[in-house]
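Residue numbering for the first sequence follows my numbering, starting at 1 and increasing by one per position.
It should be emphasised that the hints constitute simulated quantities derived from the structure, not laboratory data. Note that the Cβ used here is the ideal one computed from N, Cα and C, for glycine as well. One thing to keep in mind: the hints can contain errors.
[To be verified] The calculated label-pair distances, taken between Cβ atoms and stated as ranges, are: (1) ALA280 / GLU260: 25 to 31 Å; (2) VAL348 / ARG400: 38 to 44 Å; (3) ALA36 / ALA277: 34 to 40 Å; (4) ARG5 / ARG243: 51 to 57 Å; (5) GLU260 / GLN190: 48 to 54 Å; (6) GLY467 / PRO407: 24 to 30 Å; (7) ASP466 / ASP91: 52 to 58 Å; (8) ASP466 / GLN409: 15 to 21 Å.
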Amino acid sequence: MATPREIVERAKKLRVRIEDANRRYYVLDAPTIDDAEYDRLFRELQALEASHPELASPNSPTQRVGAAPAEAFRTVRHRVPMLSINNAFADEEVAAFDRRVREGLGVESVEYACEPKFDGLAINLTYEDGALVRGATRGDGYSGEDVTANLRTVRPIPLRLHSTAPPRRVEVRGEVLMYRRDFDALNARQRDKGEKEFANPRNAAAGSLRQLDPRITASRPLRFFAYGLGEAEDLRLPETQARLLDLLADLGLPVCETREVAKGVDGMLAFYHQLAAKRARLPYDVDGVVYKVNRLDRQGELGFVARAPRFALAHKFPAEEATTEVTAIEVQVGRTGAVTPVARLQPVFVGGATVTNATLHNEDEVRRKDVWRGDLVVVRRAGDVIPEIVRVAKPGPRGRADAFRMPKQCPECQSAVVRLPDEAVARCTGGLYCPAQRKQALLHFASRRAMDIDGLGEKLVDQLIDGGLVRTPADLYKLTLDGLASLERMGEKSAQNLLAELERSKNATLPRFIYALGIRNVGEATARDLANHFGALEPLMAADEEALQGVADVGPVVALSIRRFFEEAHNREVIKALRKAGVHWDEGKRRATTRGRATGKSFVLTGTLPALTREAATELIESHGGRVTSSVSKKTDYVVAGTEAGAKLSRAEALGVPIIDEDGLLRLLNG
DNA sequence: GATCCTCGAGTTCT
DNA sequence: CTCGAGGATC
């Protein structure tokens, strides 16, 4: 019979051996014991802990099979924010980065640490006295979700740092991802079980980490690579990024060995092209490379712009392309009657999603790209989102019926389709007689930036219009519980929710209401200008073209659209009916043109701000007299950048537009 | 008349 | 996000 002390010792020894085996497998890539031996040790420890509950510890490797499910994830704040890195696509942008760095440091040449940019999920691991105490997702960069229980099941993540004198506290930044072969095997298992397959390794990793039941996470083959530090209390930092990665590896954290220190632009680009060539042979997905100024003291010297480090750059690979067949070229009718050709595609997996449609914009675009039905085409997701046909890879048989011809009649209402000279788009002339246009008009009316009626989606609008329950936006407010409940897929609960949303939407604002009307050429910005200028609906409706052109950014074309809209008796009736139904807003109060600190300044927002939503930030800026616009130009006074800032940030840098973060904005406005 | 800056509109998938 | 086009500016 073993003494208690011997049992404690044995458990300790087993834990060390098991974690050591993990480390050798995942970190050093040099397994020392086989699977059977590993299993034997593991089961012995499990048995020991089961018969001696006092031995249990959250940092025992046996916990890697997962604890009991949680109700929800807590939100945790990162002690040091997890920054996003500016993106570059072209070689010139890399050269510009190097130039800025050299100028910032006042040196001739700079060394950069180059690493792959993993296509996974960034996480933050907190170790205290060497023990893993917390793991969180990146979230918005300032706070994320506490997924500690799940991360404990990820075997490459050490539960204890491999060090005899671990730092008091350290935050380790890295990426959780799934190897492609593990992903394939997982999907095969999901298929066998009749469960949903994942679109790509990234989604699979994300889905696995967001399981409320850690036992499910434990069954998923997740990997981890460390690449940086957050807070580091009482840890002697090395001099360079490269040495920092060595240090992480010494601490028992897996570090990707595909890395290099390169000199200048040529060195960075060489690494980039090398990795691009190896990309398909890597076991995991990468979406580019990351360059960081190698010397940590120089990193500190360069500092940050709007929470994006000036010392790092992500150089992305070009969007992935795939080849597929055009099965048909159909047309869609939009809100303004625009008849848009759309290519229906043989579903193809590209850039992390299955693509089945791609817009061809207009007739000229179809000619320019010379796309016919039956052609094989190259497809990519522009900006990794919107599918786009790049070019024809191989023409199909191209029979006479395979050419695209703009229909002479609207497919929805048979009205004539007309293309005005000098215009790129062809339009259905059916106006609101056309059901497609009526549906789009209704969707626009209900959209978030207009009347914000949640729950009025495409399917429902189809039913309402096709069933003749609704013809104009005003009819929406006549809907009854019984009328709604008669529709498909609409229970009493959903019907009640929709009615409540409609009721709520009656409390509108003048700019939203004007925008919701869907006047041609009047978008959000113009609606706001009109509301501010006229202060109320009546004078706007009564205004002639000359008066309308007195509004900033309204010229002859927009003025004509507005006058024509309000001249239409039908439109006036709808407006009357809407007001009668109870739709209302504050009138007579032109926005007090406060001569705030931002008067005359134009701002562009990009990325996610820590505290303010986009709407709140816009409102705040406008209340101080500033303007918020959507694209960056030389005339932009400030770009306000948050995390995940995109192309607008790079453009601002290229144009030399001042970049500020949320704090900077608040300081500017409040003086 | 040319050029630049903005805005509007259409679009895809999870 | 991207294209097209309206409006302002020089």
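(message) If you test the structure against every hint from before, which numbers come out violated?
(response) 1, 2, 4 and 5
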